[in-house]
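Asks: Got chain A; can you put chain B on it based on the hints?
In case you want the letters, here they are:
Number of protein chains: 2
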Amino acid sequence: MATRREVAELAGVSEATVSRVMNGVGPIKEETRRKVAAAADRLGYQLNALASGFAKGRSGNIGVVLPHVPKVRLFSTYYFSEILSGIGDVLHQAGYGLLLLYRNPQARYDYVSLYRTRRVDACLILGASDLPEEAASVFALADEGLPCCVVDQRYARPGLPCVGADHRAGAYAAARYMLDAGHRRIGFLNGSPHYSNSADRYEGYRQALAETGLSPDPAIQFEGNYSRKSGQEAAGAIFDRLEALDGLLCANDRMAIGAIQGLRERGVAVPERLPVIGYDNSDASSLTDPPLTTVEVPFYEMGRLAAESVMARLSGESGGSSGVEVAEGAAAYHANGSKPAAEDILLPTQLIIRRSC
Amino acid sequence: MATRREVAELAGVSEATVSRVMNGVGPIKEETRRKVAAAADRLGYQLNALASGFAKGRSGNIGVVLPHVPKVRLFSTYYFSEILSGIGDVLHQAGYGLLLLYRNPQARYDYVSLYRTRRVDACLILGASDLPEEAASVFALADEGLPCCVVDQRYARPGLPCVGADHRAGAYAAARYMLDAGHRRIGFLNGSPHYSNSADRYEGYRQALAETGLSPDPAIQFEGNYSRKSGQEAAGAIFDRLEALDGLLCANDRMAIGAIQGLRERGVAVPERLPVIGYDNSDASSLTDPPLTTVEVPFYEMGRLAAESVMARLSGESGGSSGVEVAEGAAAYHANGSKPAAEDILLPTQLIIRRSC
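Keeping their order, the protein sequence lines are chains A and B.
Sequence positions in the first sequence follow the working numbering and run 1038 to 1394.
Sequence positions in the second sequence follow the working numbering and run 1038 to 1394.
Pulled out of the complex, with its shape left as it was, chain A reads as follows:
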């Protein structure tokens, strides 16, 4: 049987182009497609992904692992949608398949088997946390040296790359903005501290308060699960503490929108009685009444960089141009206070000022 290289040579294209044509993926010019098809025909070459994957030990698929949360439509959340779009665009260009896998957050997940059974060549892990079972599953990957990247969760573990955002700086900017406007009793509706991104936001909030000689008041710390519903439910507890509050930070826009809705139902006007700042700069943040002051996070770019990181690893170019470029930008950024592991990339965040605060 002819090889991919022979087909590429006869057609005058790259081997990657041959793969894309044969797998029917990627933006391919009709003329290129015809040249490759003609060369493959002439050489009797037929790509059998499974057979060829078996031979070379590769599936051509990248696993994207999502937490499975019953009754929550992950694709409908801005967070996962943007990250998946960034991942999807990179894999599409590279001719890889994107295999979506769901993980039960309570159970130990056998990532290593996914590679052993050759269902995936690399894994991108979304929505992971510090919970022991979950961390242990992920650490096993690093211990085996398998290509992977954790998205928006820092483990600070050698051999386990992470692409996230500087949520410490993001929450710091939001709290600083409220403090500069004269607010002093700023509550925080955060997500579970098991996520490093929640913990980082808390740290930025704490740091801004500390610079003003304040410290977080435990009575005005609230917790949700990043859903709109949990924000609406938290509105009850926030309302009970209203006298102790003159501002509220929320760890994402969905919780902010839910909280504002719940507060409005209790007769509390935002921003007149209680200024609120969201987080994410999601599509919804500019559509709500009032439009949300929020923190922009480049989630699409986060997905792109995570996918590029495993692509570089798979093509044996982890020290190549693309990887180095990213690492240098990130290293410069890291100088700014946080202490991620060498492999970690933290993207910058930006305060977006609208009318909710």
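Please keep in mind that the hints were generated in silico from the structure rather than gathered at the bench.
Among the clues, some could well be false.
Said to hold, decoys possible - 25 Å max Cα-Cα, derived SDA-like pairs, lysine to any residue:
(1) A:LYS1066 <-> B:LEU1168
(2) B:LYS1108 <-> B:ASP1147
(3) A:LYS1072 <-> B:PRO1169
(4) B:LYS1072 <-> A:PRO1169
(5) A:LYS1108 <-> B:ASP1320
Replies: Using the frame of chain A, we list chain B on its own:
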């Protein structure tokens, strides 16, 4: 080597449960997981997805084919997000992988090769149209008798099942509501007529007008591509025809939101000067100012049914309980005027009244 059946018998569970445990997917009780792992250990059974797939001719993956539109983040659109969530939940339960594949809408797509090369066991096709190259790609599947389902696009071709929604009835209800409120010069901002769902909406609109002795005025028919930006761009043409208009239907909420935004920039108040009705009942529709009157479409359910249809086909139960139940409900519904192929399922739509009309 031991078989999956032997492991299942020793562990006292179903073969499907063994697969879910060995593939690390699905919600599995810890106790069950341990029993299966112990039985597999004892029998020396190790699932190698690629090898076992090669032997039985199955990959364990279902292909979900999306159109690739450069610079459009498909995951961020309510339409694709909801359908994918429905598909994902069913495949997760069944222990199948969801392999996302992108299709270039301009090129012929070789679906049949996807099966021949065993990358997928079945295909779900989203965002397909009547364009000749695209239809020819899809028809080849039906001709080969391969398991597949087309989502929200009717081809009325034997052997090619489709799960969609009754957009004729949805657009009819929206136009009827405007007519009942006394509006007579109702414009329509539709998507490309190459999609059967656009054509069905137009037909519902036409039918409602006809019942009132009116017919669609070509001067107030507008076309977008279902993006918010295209709605905003269409606002120019709509503004130019404002004297000929006393109402506007839009084929989705995103175009409606863009059009309202573009009209507002030109000093046209919605609904005071021009009432507008959207379509989809997306998350955004209740957040905008004014909240959109719109048509609810059960996209999540659409994804579920499409996935269940190929699951039933793969387990050889296409005449089984689940399939028949669905088909009967659909058949009853079909009695209501539209004429889909026998395999087509059209879900009901519902008018949601808010403040934009």
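Asks: Would you mind marking each hint as holding or not holding in the structure?
Replies: Verification of the supplied hints:
no. : hint                    : in the structure
1   : A:LYS1066 <-> B:LEU1168 : holds, 18 Å
2   : B:LYS1108 <-> B:ASP1147 : holds, 24 Å
3   : A:LYS1072 <-> B:PRO1169 : holds, 22 Å
4   : B:LYS1072 <-> A:PRO1169 : holds, 22 Å
5   : A:LYS1108 <-> B:ASP1320 : holds, 16 Å
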